[in-house]
Structure formats: C-alpha cells, structure tokens
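Line by line, the protein sequences are chains A and B. The numbering of the first sequence is this note's numbering, which starts it at 368 and goes up by one. The numbering of the second sequence is this note's numbering, which starts it at 489 and goes up by one.
Be aware that one or more of the hints could be misleading.
Below 16 Å or equal to it, Euclidean Cα-Cα: the simulated EDC-like pairs (lysine to aspartate or glutamate) are [claimed, not checked]:
#1 A:Lys919 - B:Asp545
#2 A:Lys916 - B:Asp545
#3 B:Lys787 - A:Glu439
#4 B:Lys629 - B:Glu593
#5 B:Lys809 - B:Glu759
#6 A:Lys916 - B:Glu543
#7 A:Lys919 - B:Asp595
Chain A regions said to be covered by chain B (calculated; three or more residues, Cβ under 8 Å) [what the hints assert, rightly or not]:
#8 676–690
#9 709–722
#10 776–788
#11 802–808
The hints are simulated quantities; they were obtained by calculation from the structure and are not laboratory data. Every residue, glycine too, gets a C-beta built ideally from N, C-alpha and C.
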Amino acid sequence: MTTGSIEQSERTSLEPPVTSTLLLDWVSTLDHKRIGIMYILTAMFYLAIGGFEALLMRIQLSMPNNTFLSPEMFNQLFTMHGTTMVFLVGMPVLTGFANYFVPLMVGARDVAFPRLNAFGFWMLFFGGLLLHFSFLTGSAPNAGWFSYVPLSSKAYSSLQGVDYWIIGLLIMGVGSVSGAINIFATIICLRAPGMSLQRVPLFVWMMLMQSILIILALPALNSALAMLLIDRWLGSAFFDPTRGGSAVLWQHYFWIFGHPEVYILILPAFGMISEVIPVFSRKPIYGYTFVAASSVAIVLLGYGVWAHHMFAVGLGMYADIFFAVGSLLIAIPTGIKVFNWTATLWGGEIKFNTSMHFAIAFLLQFVIGGLTGIMFAAVPIDWQLTDTYFVVAHFHYVLIGGTVFALFSAAYFWFPKMSGRMLSERWGILHFWLWVLGFNMTFMVQHFLGMMGMPRRVYTYADNPGWALLNGISSLGAVFMAIGTLVFLWNIGTSLLRGKIAGDNPWDAFTLEWATTSPPPPENFTVIPEIKSRRPVWDLNHPENADWKIEKTPVDRGIRPNLPKLAAWAFIASEAVFFLLLLIAYVVFNTRSGEGVTSSVLDVTRTGIFSLFLISSSVTFWIAERFLRAGKQSAFVLTLGLTILLGITFLAGQAWEYTGLLTNNITINTNLFSATFFTVTGFHGIHVTAGVIALFVMLMMGIKGNLTADKSHVFGAVGVYWHFVDVVWLAVFGIIYLGLLQ
Amino acid sequence: MNSVIPVLDPASPQAEAIHNLFLLVLLISAVIFAIVAGLILIAISRGRQRQTLPEQDFGSEKSEIFWMIGPVIIVIWLVAISANLIITLNAIPQADPDGKTDINEIDLIVTGHQWWWEVKYPKSGVITANEIYIPADKTKKFRVKVTSADVIHCFWVPQLGRKIDAIPGRDNYIWLQASEPGSYQGRCSEYCGAQHAWMNFKVYAVTDAEFDQWVASEQLANKQPKLLSPLANSGKQFFFQATCPQCHTIYGTPAEATIGPDLTHFAHRKEIGAGVIENTPENLALWLKDPQALKPGCKMPDFKLSDEHLKQLVAYLETLK
Chain A
368 MTTGSIEQSE RTSLEPPVTS TLLLDWVSTL DHKRIGIMYI LTAMFYLAIG
418 GFEALLMRIQ LSMPNNTFLS PEMFNQLFTM HGTTMVFLVG MPVLTGFANY
468 FVPLMVGARD VAFPRLNAFG FWMLFFGGLL LHFSFLTGSA PNAGWFSYVP
518 LSSKAYSSLQ GVDYWIIGLL IMGVGSVSGA INIFATIICL RAPGMSLQRV
568 PLFVWMMLMQ SILIILALPA LNSALAMLLI DRWLGSAFFD PTRGGSAVLW
618 QHYFWIFGHP EVYILILPAF GMISEVIPVF SRKPIYGYTF VAASSVAIVL
668 LGYGVWAHHM FAVGLGMYAD IFFAVGSLLI AIPTGIKVFN WTATLWGGEI
718 KFNTSMHFAI AFLLQFVIGG LTGIMFAAVP IDWQLTDTYF VVAHFHYVLI
768 GGTVFALFSA AYFWFPKMSG RMLSERWGIL HFWLWVLGFN MTFMVQHFLG
818 MMGMPRRVYT YADNPGWALL NGISSLGAVF MAIGTLVFLW NIGTSLLRGK
868 IAGDNPWDAF TLEWATTSPP PPENFTVIPE IKSRRPVWDL NHPENADWKI
918 EKTPVDRGIR PNLPKLAAWA FIASEAVFFL LLLIAYVVFN TRSGEGVTSS
968 VLDVTRTGIF SLFLISSSVT FWIAERFLRA GKQSAFVLTL GLTILLGITF
1018 LAGQAWEYTG LLTNNITINT NLFSATFFTV TGFHGIHVTA GVIALFVMLM
1068 MGIKGNLTAD KSHVFGAVGV YWHFVDVVWL AVFGIIYLGL LQ
Chain B
489 MNSVIPVLDP ASPQAEAIHN LFLLVLLISA VIFAIVAGLI LIAISRGRQR
539 QTLPEQDFGS EKSEIFWMIG PVIIVIWLVA ISANLIITLN AIPQADPDGK
589 TDINEIDLIV TGHQWWWEVK YPKSGVITAN EIYIPADKTK KFRVKVTSAD
639 VIHCFWVPQL GRKIDAIPGR DNYIWLQASE PGSYQGRCSE YCGAQHAWMN
689 FKVYAVTDAE FDQWVASEQL ANKQPKLLSP LANSGKQFFF QATCPQCHTI
739 YGTPAEATIG PDLTHFAHRK EIGAGVIENT PENLALWLKD PQALKPGCKM
789 PDFKLSDEHL KQLVAYLETL K
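This is chain B alone, in the form it adopts within the complex:
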C-alpha cells in the first residue's frame, strides 16, 4: 500500500533525516508567520480606530538591528544544519574519488528513457524496467548510478530519500535504501516531453530471501526455453515477423534492440507503460491494440494489429517469465 503523503512518511534513514529537517523548518516558518501576521493585524485593528495624525516616525537603526538578530541567528543555524545534512547525504558520490569507478561497486544502474526507466543490476546481470527490487534492510544501502539515454529526467522516490536528475552524458550517484519491506512509488520529477506524466516506477523492498529468489528468477542465465502452446508459438512467430525486435530485447532470441524496455521477463512485471495500467492479459491486449490511446505520444506506435494477432502476441508475452 502506498503512502498518501509520502514526503511526510519516510521509509529510509535518508528520507527520515530530510523529513525531520522539513518539520523543523516548517515549525520555524509557522512561528515567524504567526509573529508577522499577528503584528500586522494588531497594527491594522489599532490603526483603523486612530483619527489623529500619527507621529512621523522615520525609523531607528537600533530597532532595525535589534529585530534582525533573530533572523540572522536562524539563518546561520539553518546554514549549519543544511550543510551538515548535505555532507552526510552526499558522502557517497563516486565511490572512487579518482573517477575510476569500478563497475562492481555499482549495485544498480537506472537509465531514464522517454518515457520509462531501464533498470540494470550489473552484479547479477538482471535487466528489467520500471520496477526496482531491493532488500529491505536498515544497514544495507544500494549504490545507484542514475543517467539518461535521451533528455533530462529525474529519479524520485519520496519515501526513500532525495531525488536526483538523470542527465544524458553524466553519471549521478545516490544511495537507495528502505528500512521496511513495502512498495514505494517513484516518479519522474523533471519535465521530459509528451508523456512526463506517465513515467512512474515502483521500488519493491523485500526480505533478503525474497530478494535472492527474485534475482534468481530474473537472471538471464536461468532463462530456459519453454514449451509454448500453439497460440503462444504463433505469437512468437508473429513477434519476429513484425517490427517488435527492432525496439525490444528478449534474451536468447534474435531480439536484441534496446530502444524499448527489455521483455525477457515481461510477465513478471506488475505494470505496463510505466504505470499507466496493471499488467494483466486483458490490459496487455488493450495496450497492444493501441498504445497511443493509453499513452498518447509514447514511442510505441499503433500497429493496428488484428484481433487474431493480438491474442497470439498476448499469449506469447505472457510466457516471458
């Protein structure tokens, strides 16, 4: 179950630190606002009664300075706590300060595409899209490299901590961590074109055992050729006759393009189209029928598939586990 107000419902030490700072600043702001608003309202209610010319007061340096003491202290204090948190949360970036970052030190590579997220686990070789599995662990942090294949996107999971831009030609690094098991909604937070609104993803924090199991099920090496039903088999044939392999990869087949999401384990995924709809056979048929109807402007064209081909394709894609 996703949180209703995720920014106020942190689920990682990082998000919690930001949350605490936010509440603190909110409190100070409320106090400042109450003082200013109170003084203004008093001045007005009194001033409206007054009928005589008031004293022509041009101000005094002493009172200016006196009233500035409070704000100056608050600003200095805010600088201190923000800087402290910046240093703590930023004490990550390149694991290797020389910039010779070892690929093995990266747990996860997230690449933004118009309009979906490519997710790679370099250590296990797992490749998926729009969903990220991590072990829920208070001590274990995932080191994530965030980049982009086209325009600028922004990787943001409010309950798990800071957002970071995904910028082409540039590698950014953050820690990803969840204290408790659960699913955490993520969204693209930088305007990136027509379908910026549907560039969602989910982070699933699971137990260590579940995580290992998930990795095993997703590993490409474990991909076994399956016996396909006749319907699925004709779907497979159609997949390769049609233009599908020009954009998608299915491991162990001639489909190796990386323009669209990797479909090797498509049937495992919970959502289609970066959050547009749930991944059910009915919805998949709906999507394939006309992706432009569900996600106007997305890169997958409307192929005007016949109902026959639709059925076959759905049957085939549902075998990709």
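For reference, chain A alone in the conformation it holds in the complex:
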C-alpha cells in the first residue's frame, strides 16, 4: 500500500460516547493531540510556579546578608524549583510535544495505547499536585532535588516534606515510564507504510532514544526512592552510616538515573532543532545518519558516566579516570551534532524568523554549556568548581540555553499546526531578545561567582568584593526572562484570537505533520502521502527535486512487531533494572553486614521446593499458551488454572517463610541483611501477586470465551511478564539463598 486512505469503518472509536461539557471532553479524552496539549499546559502552569520560586530566590540573593527569605524557606524553594523544573516542566513539555507530533510525524492515527497515554498524564498531574500539597503542610521538601542522604533521612529531615517528595516522584515516575513505553511502541509499531526506521524525522528518532532512556533510567530512581522510603517509614538503615548503611550508595543510584535524565531533557531538544534548522535553511539535515547514530552513542555512554557528578566524593583515582574518559567521550557525538547543524545552515537560504532566532541562540548557548561540561569532565577542574555557581551556570546553559530555547523555537515552529494560526513575529522577536538578554545576564555572571568561591544553594552570603554586583546583575536578568515569558503568553493569547490563518503548511516544511490540516482532525489524516524518503511532504511539493531521486534511504521492509508483546518487553526491561539495583544493594550490604542475622537463617531447602512450584508455573503457562493457540479452550482453561495454583502455592510458601522470620523477631529494620532481604523478596512477591491477578483475569476471559486463539498475542504479552517474574526469582534465589556473587 503506497497511498493510505483511512476507511471510516476501520476507525476505532476512542472518543467517549457522550460528550456533555467541554471540561468533561478534555478530562476524559484519549486523543493524543489533546493529551499532548494537556501535558504542555500542565508544564506551563508549573513553569510559572518554578519560575516564581526562582524569582523569589533571586530577590533573596540580589544583595548580601539579605533577610527577604528565611534559610528554611530558601532551602524549600530551591528544592522545589529543581524538582518542579525537571519533573513537572522539562519532562512533561517534551512528552507533550512528543504526544502531539510523534503520531503525526510517523503517519499514525493515534499513539499505540491511548488509555495508557491518558493514565500516564493523570499520574503526572496528580503526582505533581501531591508534591505541591506539601506546601500546605508547612514543610515542602528541603533536601535539594537530589535529596542526598543522610540529610534526607528521618534523623535530619524529620518533617513530611521528603515523604511528599518521594511519593510524588514515584507516582510521576510511573506516569513517565508508561508514557515512554507508549511513545516507544508508537514509533516501532505504528509507522505508516514506507517509513522505515531510518526514514523517521529526527525529532521522532530522538524521542525513540529518549523513551529508551526513560524506560531504563527511571527505575534506578524508583529503587532508590523505595529504599529511602523504607528507611524513613520502617526504620531500616540502607543509607544510615551509623548502622552500617552507605551514604554514597544513594548518590550512585540517584545519578544512574540522574545523568541519563540530563539526556532525557536534551535529546528531544536536539530533535526539535534538527527539524527547525533544515526547514528554515531550505535544505535537508546535513548527515542524517551521523546525527541519528551519535544519539545512540550518547544513550549508551549516558549510562556509563553517572559518577562524574561524584568526583568530590573521593572515589579513588581509577574510578575518577574511568568516569572522566566516559564523560569526555560524550563530547565527540555532541560535537558531531553541532557540526551537522552548522553544516545544514551553511549554504542554506536562511529564513531568519523567531523560530530560527531561538534555534541559533540554542546552538551558541548550548555550545557554551557543552564546553563548560568538558571542563567538569576534566576531573581536577571539577574538584575546584563543582557545587559552586559555576556548575549552576553550566547546567542552566544546557537546560535553559539549550532545552528551553529549543522549546521556544519549536513552539513558534509548530504553533501554527496546533492552532491553525500563526504567532506574531513582532511579539516573537521581542520575546526572543528579552530572553537572550535576561538568560545571559542571569547565568553568564554565575560562572564568575563560582570562580570567586560562591557555593551553590547558599541562602545568603557575606559582602565579599564583587559578589553583590554580580548577584545583582544575575537577579536583574531573571526579571527580563519573566517579562519575556509574559510577552510570550500575550503572543499566544492574541494569536489564538486573531493571528494570521496558517494553512496546512505555512513553512513549506518537510515532514508528515504538515500533510494534514491545521489543526489536524481527530483521525489525523485523510490521505497519507507516499513515503519514499525522509521528507515525504517535500517530495510532494517539490517533485522536480524529490529526495528519493537524489538520495537512497533504506526501504521499509514492513516489519512492525506485535504491539502488546513489545510493550510487555519494554515494561519488563524497566522492571529488570529496578530488581537489578535492589539485588546490587543486597550484594553490597551483605558483604558488610558483619553482625546479627544473615542469610543462614533462611531455610534453603524449603524455599527451594517452593521455587520449583514457581518455575513449573512457567512451564504450565507455556503449555496453556499452546493450547490457546491450537483452539483447545477447555485444556487452556485447565492449564491456566494450574498455573495460577502453582503461583499461589509459591506465595503461600513465601508467607510461611515471612511468618517464621517475623515470629523470630527478624523484621525489615533488624539489620542490613533483613532490610535488603525483605525489600527484594517483598517486591518480588508483589510482582507475583500482580501476575496472579493478571492470570486470573485471563482465566475469567477464557472461561467466558472472550480469550480465544486470535487474541493469543495478548496472552503472550502477559506471559512475557510471568516468565520475567520467574527469571527474577531465579536470580534472587541464586544470590540470596545460594550465596552466589558473594
């Protein structure tokens, strides 16, 4: 099929049947475009909050020995500013753009799992509300956005702020992972015919990379959060050095998440820039494969550089050198991108509009942020400047100078598609200059403050020579950014009312989102153009210069994996990282918990026998799946029932074991062994329970005749999860009961 026209009958009805009000319409929507807009609006709301927090901090710091804010208030504000900007502005706004544009750009009618999509959004929405609810308790989180232990432990943060922080982040984390699985599955499975994976627009490619990062990085944060919560609520000592725990382990776990998080926030920005620059240079992106492949390199390297946030910890010279090499290597794929963007501009016919203004500012500012990043990768420089205002300047150059400027660029680029109207260029240019001026005023001087010895996160400072002046300039710059933001909002508001009508493709742009109306209809496309290159809409509008005549790209071989199974694999990949980190914690602590109970209290033989029940349930599941596919419904129901029984027997064995331990006064807070034992086996038990419930649902569907051979792939997706739970148990049994790896 080359030209796809979508039949009315094929259209799945995802809209709620009765629409009574506008509000209900939006709240209950499953349309990816509406959910995308809700993500963006949520991010803008929290941007106002996070920005307001920043302004309050800049007022406090505008003069030495200021008493505008109390230290306690200041500490809550910078904690909430960081947390809000990362989790409630950066991630949602990128997810929002991805939600809106990925299906359009790959020529799909919606995302892979519209209900999961809505679920992910509402988890984020309510997680964010819960986090901010902490302000009403009088104590917002105040341990910094990376909440280092022991400061964030009960002993030093006894109020509820940190608890709100943990639970809020866990809930938002679930939302982020489900959103990422959705984007991942959409890109892999729902591309229009002709669009091979090597032909997707670079924004789509970057979102694919980002979704992989989220799926594999967020669980590291979740496992650390779970351990901190157990420390705080159940009195264990994972992170309490006075009871054998480790303060440094938290840092490792946090940054195993935290460094990929930086790429989660910057890769989509790379994608946006890679869409904007070619369109307004009237040229294709220079070196598509290099831009795409260098992102893969960044994803891979991104997991091996976390400890460059920890050079001041004193990890020893070998660790320092290892992480220095990894961090410096990232300069190469990043440099490749900058080169390719510059080469795309070179020789182009530049349309220097607002979107392009922001894109160019992105390039220059991101290069500055990247170069200071190289300075920190040269470890001895980090030993001077980390945790000073130099590092504050560095990451704001990357995250504001980079990500936020790219977002503004994308907003001016895509607003016509989303609203059907153009944003005003006059207001746009004013917005641009206010931000360029304000941003560089605020953060350029912070490099010098760092060199002058100003640590980050101080609520005030003495009247040292030069500090008042530079901090004053920095604070003044923030005002410019605030005004610039108001100009932007004004521009959006007035343009929505009386902006110029955009038409389908006001920029003569290249990719599929421009092949439909502005805004697109609920089903996205009436006709999808033929896809023979990376720029199908260019080919359509410039047949004499069509890309496929000049440049050969890999043809689409039509491989679209099964959706539920792919999602199940992505989900268990995420879960595997979670369990891996819990098991590493067990191995680390078990080698050092010298006293008290050890794994010798466990009855290996008895648990071994119960393990056999669990393992055999995998076999019966496999048989059940074959019966289902063969259409032998009653045999299927019987073997599935047996599978459930075997699972329940295993859980009963675990309950027996727990009862024995608890009656001997061995609880989760006894020592490090018991804490890690109960955490690992407890989380596994929860997973088995969830699996049993899922199997039970399948059983009921089987009995009622709703699960038949043609839906066996759904059952197979559950199977991926069930087998995974068994495999995890094999690892748990080997490490904890048989003492492997110790």
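Got chain A sorted already, so can you dock chain B onto it with the hints?
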C-alpha cells in the same frame, strides 16, 4: 586579605596545577566557541541574502570524519592530561595501602558538623573549630583526614586546591599546603541543611616559628587555671549551672560534651558561628543574646539570657585563651 577570585589565584602547588589546567581548557573552549560561532554567523549572514533554492546537500561521510579529527585529538589529549593530574594529586590517599592507617601519619582531622568544622591535630592534641593553622612551606604538606559527624559536607579552600566531601562513615584524605603565608577562605561546598551558607572556615598559613608558637598556646597541657575577675567567675558559675556543658567542652573542667565547638581556647578565635561575625566581646554578646537571630536554624538555641548573665558569660568566655 582574601583573594577576590580565589580559583584564579592559587596559593599551593596543587591549586596551581588545577589552575593551569583550567586556563588551558578555557583557552581551547574559547577557540572552539569562536570557530563555531564564526561559522554560524557567516552562514546566516550569507544565507539571509540568498533568494534561490539552495543545493539539496545531504552531507558527506568524508567531511564528517575530517571535521571530527580535531575534536577527537582534543578529547584524547584532555583525557591524558586530566588522568596525569588525577594520578599526581591523588597519589596520597591512605598512607598505608592496607588501610591500617597510622594515626600518627595524619596531621589534621577535619570533621564537618551541622554547621561548623571541628579541627583536631592528633600529633599535638590541639582541638579547635572553624580555623586551621598550617606552616606556610613549599615543601611541607599536611595530610588531612576529612569526615563528617552527621550529614555530607564538603571541605573546600579554593586557593589551596581540591575540594573533598566530608561523608559520615567514610574517611577521605587530602593534602593541605600553602606556598605563602596568608589567610585563605574555606567554605562548605555541599548543601548540608538550614545553615549551609554559614559553614565557613579559614586556613591561616604562618611561618614555622609562628606555627610552633600557636601550637604551644593551644596545647591542652599548657592550659593553666587563671585567676578570674569576679564578673568572669560568676560567668563561669553560670556556664556550669546552665545547659552549656551539655554541648561544649572546656578542657580541665567538667564540660566535656562534643556536640558544639570546643571552647577551651575560644578567645583565640577570630570568628563566631563559622564566619557569621568577628569574634569581639560585643559580637559575642550579640551571639549569646540570640544565636537564632544571627544564624537561623543553628543548633544553639536562644536561651533568653538576662543582660546580667550575658555580661558574666562574655567575661568568662573572653578568659578562655
């Protein structure tokens, strides 16, 4: 006099090595930025004039590789010089690789507390807070053990070299050295709670003779009971009636708690509250009147002392030399 831009004003061989590396990387960065910015600006100024559809250039592997040669060389070179410096500066940690570190090999133990620094000289037994004396000597290095009594702090004297985290349950080691006599500002550089901003300290590098003299004056064994004025004497009595000894130590008295700074030689110190104010009798009275006003959130409560008690206490504390 403290330096205005301490990172650019190194006063030890270690800080100087880092400073040189920093300048070098800064220079390379400036060159790279100038090239990239120059190319972008040229491309834009030319591209804005162009009115015809440009050639549809999809890129070339050759030029990608050609343009990567420079960055790859720079990265390899940066790896080499960073690794070299890491090894040189790190060639310290545990003096004894077996981990059986001899206490005598440690010149100084610095322990971070919320929100002050405890400073111990194990060889001479001197204990003080928020100020460190070392001999200014190009050849002599002080081996410093850095740890924490509560949360994570970070020990940082920009003019003297690398910072190192003070982590509970973990001992870190650095060298401390100053080439020239002077006072060097230090700060806590890891967020550690309410009063992270006021966790400053100073390193005083002095001549060998001055150092020996300082040690002698601070040594606990040299502490002689002094004849106290009646005012100071009533201050002393009040000190022990009140809750002061529950947190502080004064050598040779029943006050032996180690929660707050050791006050044995309090009157020698130049600052109060880890840098909040200078240590003068007037400021001391101000501090004792309400520590929470000067350093909100600090562990010393507002005891609501009467003016009478304040005077007595100040008089007594001023005798602690």
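Quick rundown of the hints versus the structure:
1. A:Lys919 - B:Asp545: Distance of about 13 Å is within 16 Å: holds.
2. A:Lys916 - B:Asp545: Since the Cα atoms of Lys916 of chain A and Asp545 of chain B sit roughly 13 Å apart, the hinted pair holds (cutoff 16 Å).
3. B:Lys787 - A:Glu439: Holds, at roughly 14 Å.
4. B:Lys629 - B:Glu593: Holds. Lys629 of chain B to Glu593 of chain B sits at ~12 Å (cutoff 16 Å).
5. B:Lys809 - B:Glu759: holds (14 Å)
6. A:Lys916 - B:Glu543: holds (14 Å)
7. A:Lys919 - B:Asp595: violated (69 Å)
8. 676–690: holds (count 7)
9. 709–722: With 9 residues in contact (Cβ-Cβ under 8 Å with chain B), the coverage given for the segment 709–722 of chain A holds.
10. 776–788: violated (count 0)
11. 802–808: Coverage by chain B is violated for the segment 802–808 of chain A (0 residues, Cβ < 8 Å).
Going down the numbered hints, you'll see the structure goes against 7, 10, 11, while the others check out.
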